[in-house]
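Chemist: The residues making up each chain are set out below.
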Amino acid sequence: MKIIKSLTIIVLAFSFASFARANNFEQAVQGLLENSNKKKAAAVEQLAKVDDPRSLPTLKAMLDAKLYYKKDDKSLVIITDLEEGATVHNLMSQSDESISDKRAVSKVRINNKLRRLLRSSIAVLELSSGDMAIRLESAKNLAKNPSADMRDVLIIALEKESSSKIAGFLSLSLGLIDLENEDPAVRRKAVDYLSGSVEPQAIGALKALTAKDKDGNYLEQDKELAAYAAKVFKRVDTKMQLFKTSENMLFGLSLGSVLLLAAIGLAITFGVMGVINMAHGEMIMLGAYTTFTVQQLMPELIGASLFVAIPVAFIVAAAVGVLMERLIIRHLYGRPLDTLLATFGVSLILQQAIRQIYGANSVSVISPPWISGLWEVNGALALTYNRIYILLFAMLVLGLLALLLKKTLVGLQMRAVTQNRPMANSMGIRAGWVDAMTFGLGSGIAGIAGVALSQIASVSPNLGQTYIVDSFMVVVFGGVGNIMGTFIGAMTLGVINKFLEPQVGAVIGKIIVLVFIILFIQWRPRGLFALKGRFVED
Amino acid sequence: MNLLQQTFIYKALQNDIFGRYVLSFVIIIGTVIPLLNVFAPEGSMFDITTFTMTLMGKILCFAILALALDLVWGYCGILSLGHGAFFSLGGYAMGMYLMRQIGDRGVYGNPELPDFMVFLNWDALPWYWYGFDSFGFALLMVFLAPGILAFVFGWMAFRSRVTGVYFSIITQALTFALMQAFFMNKLGFGGNNGLTDFKDILGFNIQSDETRSVLVFTAALVLCITYFVCKYIVSSKFGKVLVSIRDAESRTRFLGYRVEHYKLLVFTFSAIVAGVAGAIYVPLVGAANPSEFSPINSIGIVIWVALGGRGTLYGAIIGALVIGYAKSYFTTSFPDLWLYILGGLFVLTTMYLPEGIAGRLEQLRQKRNGSKNDPSTPAKNAELEVAK
Amino acid sequence: MNTEKTEKFQSVLYLNGVTKSFDGFKAINNLSLDVSPGELRAIIGPNGAGKSTMMDIITGKTKPDKGEVRFKDNIDLTRHDEADIANMGIGRKFQKPTVIDSLTVWDNLDLALAGNRGIWQTLVFKLSSNQCERIEEIISLIGLSEKTEALAKNLSHGQKQWLEIGMLIIQEPEVLLVDEPAGGMTDYETMETAKLLKDIAKNHSVIVVEHDMDFVRALDCTVTVLHEGSVLAEGSLEKVSADPRVIEVYLGR
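Residue numbers (the numbering used here), protein chains in the order written: chain A, 1 to 538; chain B, 1 to 388; chain C, 1 to 253.
Check each hint, because a few of them may be wrong.
Reference listing, derived: stretches of chain A covered by chain B, where coverage requires no fewer than 3 residues with Cβ under 8 Å from a Cβ of chain B [as the list claims (entries may be wrong)]:
#	stretch
1	31-37
2	243-257
3	313-321
4	326-332
Dumping the calculated DSSO-like pairs for lysine-lysine here, alpha-carbon to alpha-carbon at most 30 Å [to be verified]:
#	chain 1	residue 1	chain 2	residue 2
5	A	Lys-231	A	Lys-160
6	A	Lys-234	A	Lys-214
7	B	Lys-11	C	Lys-126
8	A	Lys-144	A	Lys-165
9	A	Lys-214	A	Lys-239
10	A	Lys-231	A	Lys-214
11	C	Lys-96	C	Lys-26
12	A	Lys-223	A	Lys-207
13	A	Lys-107	A	Lys-38
14	C	Lys-153	B	Lys-367
15	A	Lys-70	A	Lys-140
16	A	Lys-207	A	Lys-140
17	A	Lys-165	A	Lys-244
18	A	Lys-407	C	Lys-26
19	B	Lys-58	B	Lys-199
20	A	Lys-244	B	Lys-186
21	A	Lys-38	A	Lys-66
22	A	Lys-74	A	Lys-102
23	B	Lys-237	C	Lys-66
24	A	Lys-160	A	Lys-107
25	A	Lys-60	A	Lys-212
26	C	Lys-202	A	Lys-406
27	C	Lys-26	C	Lys-72
28	C	Lys-126	C	Lys-66
29	A	Lys-113	A	Lys-38
30	A	Lys-223	A	Lys-144
31	B	Lys-237	C	Lys-126
32	B	Lys-237	C	Lys-96
33	C	Lys-26	B	Lys-237
34	B	Lys-11	C	Lys-153
These aren't lab readings, by the way, just hints derived from the structure by calculation.
For every residue, glycine included, the Cβ atom is placed at its ideal position computed from N, Cα and C.
Kindly generate the complete structure, drawing on both the sequences and the hints.
Modeler: What follows is the structure in structure tokens.
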């Protein structure tokens with residue numbers, strides 16, 4: 001035991017020095033064919049030193065009892081299932097071949113001692129890899145079931161590790177190993193190791209250390225250690241809370257950006273024209289169905305489909321919006337409640353039309369590969385990419401819109417009409433034309449929102465209905481005629497929602513938000529960022 | 001008939017020709033149809049199926065609901081998109097009584113708990129179900145549940161002067177939130193399935209034709225009573241203040257009227273009326289369903305009033321009768337068409353018939369009467385003249 | 001409503017250092033005004049001088065950012081809302097005639113008629129014969145006897161003006177704020193209105209905002225000139241007309 005341990009350390013020291021190819025792979029593996037376990041061990045150590053891509057698979061196969069050698073030419077093969085005609089991988093020729101006779105090969109047998117050596121050698125190879133992904137994977141695997149044999153490997157790896165995420169896993173393993181030790185000093189150090197990780201395992205171990213019986217005494221024999229662990233736990237817990245909070249925050253912001261996308265078009269039409277477009281949700285739905293249709297038309301280019309869908313959805317929704325404005329809303333000017341009803345009628349018609357064309361059930365819009373996936377920051381914080389993309393996309397849309405309103409003539413005219421319609425009219429701005437453009441713009445943005453929403457929500461004819469109430473709340477909360485208000489409103493509501501959700505559940509959370517808004521308008525009836533002035537009052 | 005009734009009802013109907021027609025029609029539906037259903041021999045040409053009778057009863061409930069909305073929207077200009085919720089709350093209050101009446105006849109045979117609570121492994125009746133064994137208490141809650149909600153909500157909204165579309169979308173959000181809440185199992189109102197499997201009401205079998213006949217008659221009776229109460233309100237000075245608020249809210253304040261008090265009273269009253277309609281509806285259809293809370297139902301009521309003619313009480317009834325019947329016809333015969341028709345009605349009514357059927361009727365009458373009356377159209381509509 | 005009562009106060013309306021801004025624009029800037037009981041006061045000023053905002057502040061529609069607004073010396077009007085202030089006895093006629101369109105002339109006056117404004121009272125309210133006579137009287141005063149049952153929306157602009165003046169009178173306020181009463185009236189009607197207001201001013205306080213100089217001259221009273229939210233000049237029409245600053249900002253143009 002002792003010999004092996006000291007041997008390992010020497011081996012490790014050498015391998016981490018990573019000197020150039022000392023021996024070649026073919027030479028090193030010869031020892032594996034021997035019957036003597038000692039010689040096999042020496043061969044394993046050799047292999048760990050050889051800088052050859054085949055070393056790692058060989059060691060892994062050996063550990064998994066999948067390594068055989070052919071009796072005729074003594075070449076090593078990896079065999080997953082040993083049976084006649086099975087395909088095997090020849091490590092010497094680096095090619096696949098098939099075996100005719102089960103008896104033509106013989107397994108490279110290992111014992112427990114070898115198994116331990118293999119494990120640490122594999123870990124050494126992986127943890128010293130230049131590829132961060134391999135190191136991370138290995139560190140994660142080690143942490144799943146850490147064994148005391150790995151301790152030295154881990155210590156050396158931890159010293160060299162530059163990525164804090166991988167270091168977290170390494171110290172987690174070390175902490176868990178050292179906690180089993182009998183030496184109080186080592187255990188104290190273990191607590192320090194554990195504090196370097198935010199993985200649930202580390203938190204669990206610390207919690208277990210600080211557990212108390214019903215009299216308030218620590219269950220842990222070493223009271224001093226328990227007290228120390230409690231102190232450390234407090235610190236780690238604060239860190240965890242911070243991560244949890246930032247996760248909620250990010251989720252909230254991403255929900256907020258969904259709300260922003262859904263509401264911003266509404267805020268524009270409401271702000272400029274003072275009418276509520278109840279068919280706004282259906283514009284979002286049209287955008288989502290446009291995405292679906294685009295994907296149907298270009299099935300082999302899913303990756304690019306969203307970039308095509310965005311302008312198409314804008315045009316489709318904007319066209320429907322302009323049509324609605326010219327045919328209906330124009331005639332109801334000055335009758336906001338009637339406009340609300342008429343646009344609701346349009347929303348029913350659009351929903352039913354989509355239902356008849358695409359069916360009442362939801363259609364599946366495919367997410368391009370670049371948009372799916374998970375970004376794991378650490379054990380406590382993970383984000384899906386689509387959420388991040390939506391957040392960025394919403395910011396982009398907001399930015400472009402702000403630019404449009406601030407820097408272009410159309411924008412100037414829109415703002416003029418928003419703030420004082422009669423005055424704008426008398427200054428020669430064709431309010432009718434501005435209305436149509438505004439409606440087109442608002443609807444078009446809703447269409448774009450639909451493209452984004454198709455990536456996170458199921459696309460059905462009812463899609464619009466699910467977002468319309470929330471969008472209204474954003475507008476009421478944020479105030480009308482000011483995209484800053486919509487932005488702050490959407491983000492605030494998104495964050496509040498996400499912070500409430502884990503406490504009370506999604507539905508109650510929504511109800512609380514609604515009550516909050518009702519109370520809020522007691523204080524600010526016209527929303528957070530209302531336009532003030534004499535002309536706005538009536 | 002006592003003297004008071006004679007005088008007021010007579011006066012109320014004296015100048016209300018179309019109101020007379022509409023009420024007569026309601027009374028015929030409410031009496032003749034139940035009688036024919038119960039007494040006409042099966043298969044004879046006079047026999048009315050239970051389905052038809054129930055449909056008529058439902059439509060009468062809708063008409064009560066339409067009156068409630070017309071009072072706040074047509075007269076006071078408050079477009080509530082939450083009346084479906086008040087209707088449902090009244091319905092649930094009645095449904096809770098009906099649930100308690102089931103007793104141990106449920107599937108699980110638990111004498112203490114309704115089936116859905118047994119199913120959810122609840123071991124005791126939630127406190128808010130106490131008292132619903134009594135019909136009187138349930139009836140009180142039919143009034144109080146929508147009334148208190150409307151009062152509290154209205155108090156906050158009107159006090160902070162939330163008006164117009166703002167008020168509409170906030171009531172819609174309220175409805176939406178209530179719908180989501182009632183769909184939850186843990187709220188204790190049966191979740192998705194709502195309240196159902198009723199057995200009897202006041203000891204009478206709820207499924208029997210006789211009970212249903214009485215319910216239909218009750219609906220017609222309540223509709224008539226509501227009509228006269230609303231008629232009294234709108235022809236009093238209070239009613240003039242409501243119209244004044246609708247036409248020029250700010251001006252009304254400067255005349256010294258506390259607009260928010262008027263709005264609050266009429267809104268609360270209207271919510272209670274809606275709740276009563278729901279309380280008759282639920283035993284008639286045999287279930288209180290959370291989907292009744294869905295926002296589309298509440299907006300649906302608005303189109304009854306808009307098509308019938310906002311600001312005329314009989315118009316609201318006409319609208320509810322016409323659309324209620326049309327919906328039943330189209331959803332069974334041409335289900336794909338119905339939403340197009342309903343959507344089209346919203347668009348066309350607001351654009352081309354803002355004064356509704358009632359407005360057209362009044363115009364026709366004036367044309368016939370020639371120059372005898374004032375040439376102005378008495379039909380009132382909520383917004384046409386207040387371009388704000 | 002009677003003269004003796006109002007005379008107990010030094011000033012019926014007293015504004016001191018009132019400021020109100022909208023999004024940075026000072027609509028009213030350190031405005032002070034003092035109206036004695038029974039006084040007739042004309043207020044003139046170019047567009048945007050703050051006349052309407054001043055009316056809004058007095059009647060409780062707008063709360064000032066700072067400054068005192070007092071009614072009968074010690075009632076702080078900034079603490080009350082429109083309905084309260086109206087019930088205390090400050091009546092207002094709007095620049096754009098605002099009558100209740102879908103009610104008849106009679107009903108408009110019925111609504112404005114002095115009396116209890118509570119919700120329960122209006123539910124059971126019945127006009128007494130005295131009140132009916134009063135309405136009839138006002139209707140003939142404003143010359144709408146032929147139109148008693150006509151809907152207000154069918155009246156001409158001038159008739160609406162008269163109806164609103166009638167509503168103001170029947171409301172029996174102690175102070176009348178009258179915003180451009182002569183707008184849309186014929187010369188004859190304008191002079192009639194001036195005469196009527198002078199008549200009313202015998203036992204009420206009246207504040208008139210007007211553009212029409214002939215009308216102001218006919219009122220023959222103290223004139224306050226507003227400019228950029230504050231008082232520019234005050235005095236008789238002759239005096240303020242001679243003021244070079246007034247000529248500069250207003251009359252001269």
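Chemist: Run the structure past the numbered hints and jot down the numbers of the failing ones, going up.
Modeler: Violated: hints 1, 2, 3, 15, 23, 24, 25, 26, 28 and 33.
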